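Number of protein chains: 4
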Amino acid sequence: MNGNSDTLLDGLFVSPAMREIFCDRARLQGMLDFEAALARAQAELGIIPADAAARIVSHCRAEHFELVQIATATTRAGNPAIPLAKALIDAVAAEDIEAARFVHFGATSQDAMDTGLVLQLRAALELLETDLQRLGSALEELVHTHGKTVLLGRTWLQPALPVTFGLKAAGWLGSVGRARERLHELKRRALVIQFGGATGTLASLGKRGIDVGNVLARELKLALPDLAWHTQRDRVVEVATALGLLTGSLGKIARDLSLLMQWEVAEAFEPRVPGRGGSSTMPHKRNPVGSAAILAAATRVPGLVATLLAAMPQEHERGLGGWQAEWESLPEICCLASGALMQALQVVQGLSLDPARMGANLASTRGVVLAEAVALALAPLVGRAAAHALVESACQRALDESKALLDVLREEDEVTRHLSTSELERLCEPSGYLGLSEELCARALAEYRRIARRSEV
Amino acid sequence: MNGNSDTLLDGLFVSPAMREIFCDRARLQGMLDFEAALARAQAELGIIPADAAARIVSHCRAEHFELVQIATATTRAGNPAIPLAKALIDAVAAEDIEAARFVHFGATSQDAMDTGLVLQLRAALELLETDLQRLGSALEELVHTHGKTVLLGRTWLQPALPVTFGLKAAGWLGSVGRARERLHELKRRALVIQFGGATGTLASLGKRGIDVGNVLARELKLALPDLAWHTQRDRVVEVATALGLLTGSLGKIARDLSLLMQWEVAEAFEPRVPGRGGSSTMPHKRNPVGSAAILAAATRVPGLVATLLAAMPQEHERGLGGWQAEWESLPEICCLASGALMQALQVVQGLSLDPARMGANLASTRGVVLAEAVALALAPLVGRAAAHALVESACQRALDESKALLDVLREEDEVTRHLSTSELERLCEPSGYLGLSEELCARALAEYRRIARRSEV
Amino acid sequence: MNGNSDTLLDGLFVSPAMREIFCDRARLQGMLDFEAALARAQAELGIIPADAAARIVSHCRAEHFELVQIATATTRAGNPAIPLAKALIDAVAAEDIEAARFVHFGATSQDAMDTGLVLQLRAALELLETDLQRLGSALEELVHTHGKTVLLGRTWLQPALPVTFGLKAAGWLGSVGRARERLHELKRRALVIQFGGATGTLASLGKRGIDVGNVLARELKLALPDLAWHTQRDRVVEVATALGLLTGSLGKIARDLSLLMQWEVAEAFEPRVPGRGGSSTMPHKRNPVGSAAILAAATRVPGLVATLLAAMPQEHERGLGGWQAEWESLPEICCLASGALMQALQVVQGLSLDPARMGANLASTRGVVLAEAVALALAPLVGRAAAHALVESACQRALDESKALLDVLREEDEVTRHLSTSELERLCEPSGYLGLSEELCARALAEYRRIARRSEV
Amino acid sequence: MNGNSDTLLDGLFVSPAMREIFCDRARLQGMLDFEAALARAQAELGIIPADAAARIVSHCRAEHFELVQIATATTRAGNPAIPLAKALIDAVAAEDIEAARFVHFGATSQDAMDTGLVLQLRAALELLETDLQRLGSALEELVHTHGKTVLLGRTWLQPALPVTFGLKAAGWLGSVGRARERLHELKRRALVIQFGGATGTLASLGKRGIDVGNVLARELKLALPDLAWHTQRDRVVEVATALGLLTGSLGKIARDLSLLMQWEVAEAFEPRVPGRGGSSTMPHKRNPVGSAAILAAATRVPGLVATLLAAMPQEHERGLGGWQAEWESLPEICCLASGALMQALQVVQGLSLDPARMGANLASTRGVVLAEAVALALAPLVGRAAAHALVESACQRALDESKALLDVLREEDEVTRHLSTSELERLCEPSGYLGLSEELCARALAEYRRIARRSEV
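Protein chains in written order, with the numbering used here: chain V, 7 to 463; chain F, 7 to 463; chain P, 7 to 463; chain B, 7 to 463.
Just chain V, same shape as in the assembly (with noise of 0.2 Å):
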């Protein structure tokens, strides 16, 4: 731990097991686990002795570097694996200077360094596809639980047409599953190690340099790509961009929850948590903090994932600029990603509702939201235009009087002269103009299983 200027933050934009996979350690620490893993596929091929390659592993620990010392070299070379290589070759030197020469043989810097992010990415990958499989399991049961819980569907941040809670979820449920299945997806391309040497040739091991990225790539349990990728950025940058894609999706529920939780809404709240979101002045206030929180992340990432993208352009075999873009934005990426599903996970899985409230607000539009259905209920009746003329003017007295469309119905002749109050009163039940809300929830719900079981963690 260090004094750095975000520790500060972390809690609410970071979860503590991505910060884990992001610290300065653990980035000298998947460099070193390329180092010690090229020594061991070198042993194994008879490359290097198998002594020379036990040493050098046995000092590829992060913990045995002093951090400082290599940052202030990092500052002249350029990039941290190459004073990181140096500081190695000095540690192993110590014991075994003839071992020292077989450190980072036939490797670049870069070889190193994007390998390491690649262990990186793999653990961010897994633990972001845990907490999906949390967060879809969470909002699974909300599809289940509130498949008839009915409140006002807004368009334009209007009311529009009555739906249920459950189909809600479902939706945030959707991009989910879709999430998890673009992450199953990339891996094939992400998750391959980077060795290629200076220019990418392998040159300085002659003709074993496959052989030696086959075993590197087996030890490291990564894959072997077909060429070295050290100006070919896609396959890092396509992980930052189905981040974003997951952080707007994360973002959308808050969005909502945000909305359904104003005072005037009242319909769903983030979970009541001692100290969480209140204010000692204002003892009334309930804030969304982690609302808040996944929107600052949906906010913030789209900028980041729009630098990967600029970056890729980079020089010849190696870039200027582009490459070293790429450092901190995105290690920050999967860190607000984190965090924003960490949130989203507390969130959903602490939601409360408050159906009553739903009905309310429902009634508070005094039915004209069914107008539709009223419309349609008397078409084949008086015909569809006269149907929907009658329906028209019923809404516009309804508000014009603050009377429920019921009522206005009911004192038309054209209307009782065709539908009982019965008929009317159903007609005017929200929960009786829902469409396909359950068959559409359990659609959903289908779907996701498929994708949960393609994309099992």
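Hints were generated in silico from the structure; no laboratory data involved. Just so we're clear, the structure is a prediction, and the values are computed from it rather than from any experiment. A couple of the hints might just be wrong.
It does not matter which identical chain is meant; a pair holds if it fits inside one copy or across any two.
[Stated by the list, open to error] The list that follows gives simulated cross-link-like pairs (lysine-lysine, DSS-like), each with its CA atoms no further than 25 Å apart:
hint, residue 1, residue 2
1, Lys-193, Lys-227
2, Lys-92, Lys-291
3, Lys-291, Lys-409
4, Lys-227, Lys-213
5, Lys-92, Lys-409
6, Lys-193, Lys-291
7, Lys-193, Lys-213
Given the coordinates of chain V, assemble chains F, P and B onto it according to the supplied hints.
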């Protein structure tokens, strides 16, 4: 990409076919295709009269509508689907007032706009995939032809070890393959109809909503998703991110070419086309016009992708502002990606190389880029440390005294004691230190063919 | 008028006057204005014959040129200024072959394009400043009129303390004032000609370059900068950033209004315009069309600003890709800002408020938002700690038992011992706890007027 | 720029002084400075006891607080100002329970956070202005020294006409001047306190709010704005945009230098610092480490600026998500701008040039870049058309036959008839065709000095 201002520049930035896919008329036609298919589906299911459907279908042709009139009404309505539906109703009603009642039945304006967009995206993806296939073929050809064309590998814009032009092209090819794979995968998620009615419940269709959805999807040759996705935008924003990755990869090709084309480097050139890239006052000028257009696209697309990601947290059942932000941004990304691809295709297909200059540039480094080869050869003979020291000092002398490394080495007794002149000459020959360039090219070609088979258009 | 993709949506997103400033014809005219002024300047200085200049000037009208032909040639030339200059030469030569030699004399194509752009930007800024002035006046009116219109202040989308609508509008007004100030300031840097010749040295004009620059600038009523700024883009990108700030501030107005316009809040409304924001199947709908368009602009402009910033590091004397990335992005920002401003003007000028509903919403909090007022009054009487505890528990009871805070307080002996009923009534009256709302409104008005005087259009 | 992960890379991307300004402790201290000044102001005005104020002030030192504890509480509270105020109250209460009641009196947490931020920004701007002044001086020196150092001007990455290095540096200098001017101007808007209480009305201070604000502002040496700007973010986002422009301009310097430093160009070099930019296996490498770091910053800042612009439409009296998105983004921009400036300063101060190589590169064009000069000289003698044709064909021969233009011209009777050998030699001498390079350098220096005087730190 605002209306009138871009005709002038379209030729540089947009492929003509993509411009047609995303012109105003095509936007109207996409919505009209939805309306026509909806009528046909409802007629097939007996929900509306077959006659009415036929009448509606007959009017669903963009050229029948007055664009300016719909544009004017869009300003008031807030989206173009509302006035278009009204205009369609009027047109049908002029012939058959009863049929007019069945226009747009059970749908909401966003159903028409989003499905229309997906139809446009399908055409866009087909176009891009076809052009990607052509670019892939042109790059395969380059990899084949230039597997032994040696040039300087460059890192940090500085000379590093030699590579082959085939390997460089193989890197470009790899990114094209992955782009094809991504487009292939996302179609399953993106090429779906939008159909939910006002709040996604399909309420006005009673129990027939999903049946209608199924036939509607079949009519349009799209898939029926589990749910309406009015405010779950990841399906279409994913298209934007994939095109962002593609444009970035094309930008990488352009970056390399524009650097290789510098007067002082002069190793590769965009095709010489009369009137292209010249200057009347500077007759020697040969400007990389294609690369400039590609780099412009690679600079512009990231911000547009960020816009779409930032717009994702949309409100409730249909959003306010976020959805509207997509309307021009997603088409613009498709247009820019298509233009970059068109330019890349022209540039790669007509690329001319100067292998002699490549050799001369390599020679200008006086062999110091082969220091590693010499040191590796000396190591078993004098020890690794001594080998490294010998070579390093020889390089320094070569640089300081403007001599060839080979000549310096031949003056070093400690070297000549162990290595003959012919051995030294071999070691200082760039084509002898290409590592696995050929094998890697073969791997890249094989990988590309594997992807190509799976992603067949 | 042509069939491009966005004419359909222009009415929502772009002001008609701004569309005219940035149409293709206007782009050509901007370049032609440069060419004409250049000829006039050189004639005035005796560098070219007066006759030739007159002939050239007479042809510098965009309507004389075939747009499609120039567009086609642009594709080859890489920018539209090259074919336009050729077409101008041809047109002049058809009448006077000698005069044709003096067209575009000493200039480079970027001189024409950039100066043309600056002329367009000048018109754009004038338009924006005029509309900002009108918006400022409309907001001043709101501040004046609603200095005592009380409504809930909301933080984190939750009720906080009462405010006045005047104060809310004063906040909006402040941002308009600062936007005017910024536009006023940047004009000194941005409204300059571009004039440098091929590499900025004005070499072909011998020693007369600066003289020509001075007259040219005077002719165009622009300033002559110290140097050409072919690859120093901060002058024009600053315009983009200022419009980014402006659009964000307009987005704030739209955010507030769309939230206030929610059915459940219903305190403020966009103007009711026939056919605007309605829905045929949902007669009660009153969609915030203007706010949606503004929010769409506020979502789109940031990515475009990022594009321009990312394009700034342009190569050497004239760039490759970065400059080209500006050509459509900067006009698009101007268009979107103008559209947002046009919509804001309409919305603010026609805004309707419902003070009764504001009162009712305040009342719905049962007075708990005034807890602070009561606690402050009690503190001197019972001690601050006791006061705070008393009020906090009273609030909790009010919330739990759905009672008014006033009624709860009147049942508390410890309270009534110190405060009379009328005192309690006064304390629980929202209009009594508005702090300095009126003074702050007055300050805001004064500050705005101060800025307005200094930034007079 | 997330906490732990960046220590390792800070040396490359952030100036140490800026890191200190934006570390966690400094964030706390900024808020504590607000609390202390608030207490002092209220004591001065007799609103709270002087003793209490003194007690409060004595505790307002960041090192007195347990960072981890506040970080943990931040997660629940939603922002760090709430737990910090509580911790301050606890600390004061431990000594004087009565004084503790006056902590944070009348303020809201955002008042403390925003004012703290402004204090940090003030320090950041001072640092940046000082460094800009130093960079300006270094560039003035370059302009002075290299007013006659001739090199190829390059457009589209191709040779154009000759320029001087002084003129190139003058372009860089101009952007530094305008950056200083912008920072100077925005301080009036940005360096203001935030002080409004819960909803900006200052209600809990009765009629004393503005008085307190005035003294508070005086205490902190900031200005008192007309209103609280809790959700009017343009004041601080403008800082981000100005730094975005600055970083883009620094990126331009780095772009130029990294291109000039290419092996094949080799005209300018970053300073040679032991251990900087080298490679152990490639002893000839001299990597442009500084330029890479600057370009990385110029790639990253645009996305962060877009984030802040996108976050501007904040809700009502205090926002949800947008404000939170600023907390790390604005500091990150300051850090990256400072790092880019630090690197630019080092690079420019230690820049080494190779005028001989500049001449050789110019010579390598065989004089064709001077075609314009020859044509202008011939025009009065043979007519402009004939002159142009003669020179164009001579250039083509020079390029095709690898001859010097001068030699080709000397073989052309039509040329030698009019121009003597010595005249031709003069025309083909690059230093003779520099136009107004010297005058323009002088203009740039004068303009910079004018700005510098007005923007004195």
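**Item:** Hint numbers not upheld by this structure, sorted from lowest to highest
**Value:** The structure conflicts with hints 5, 6 and 7, although it agrees with all the remaining ones.
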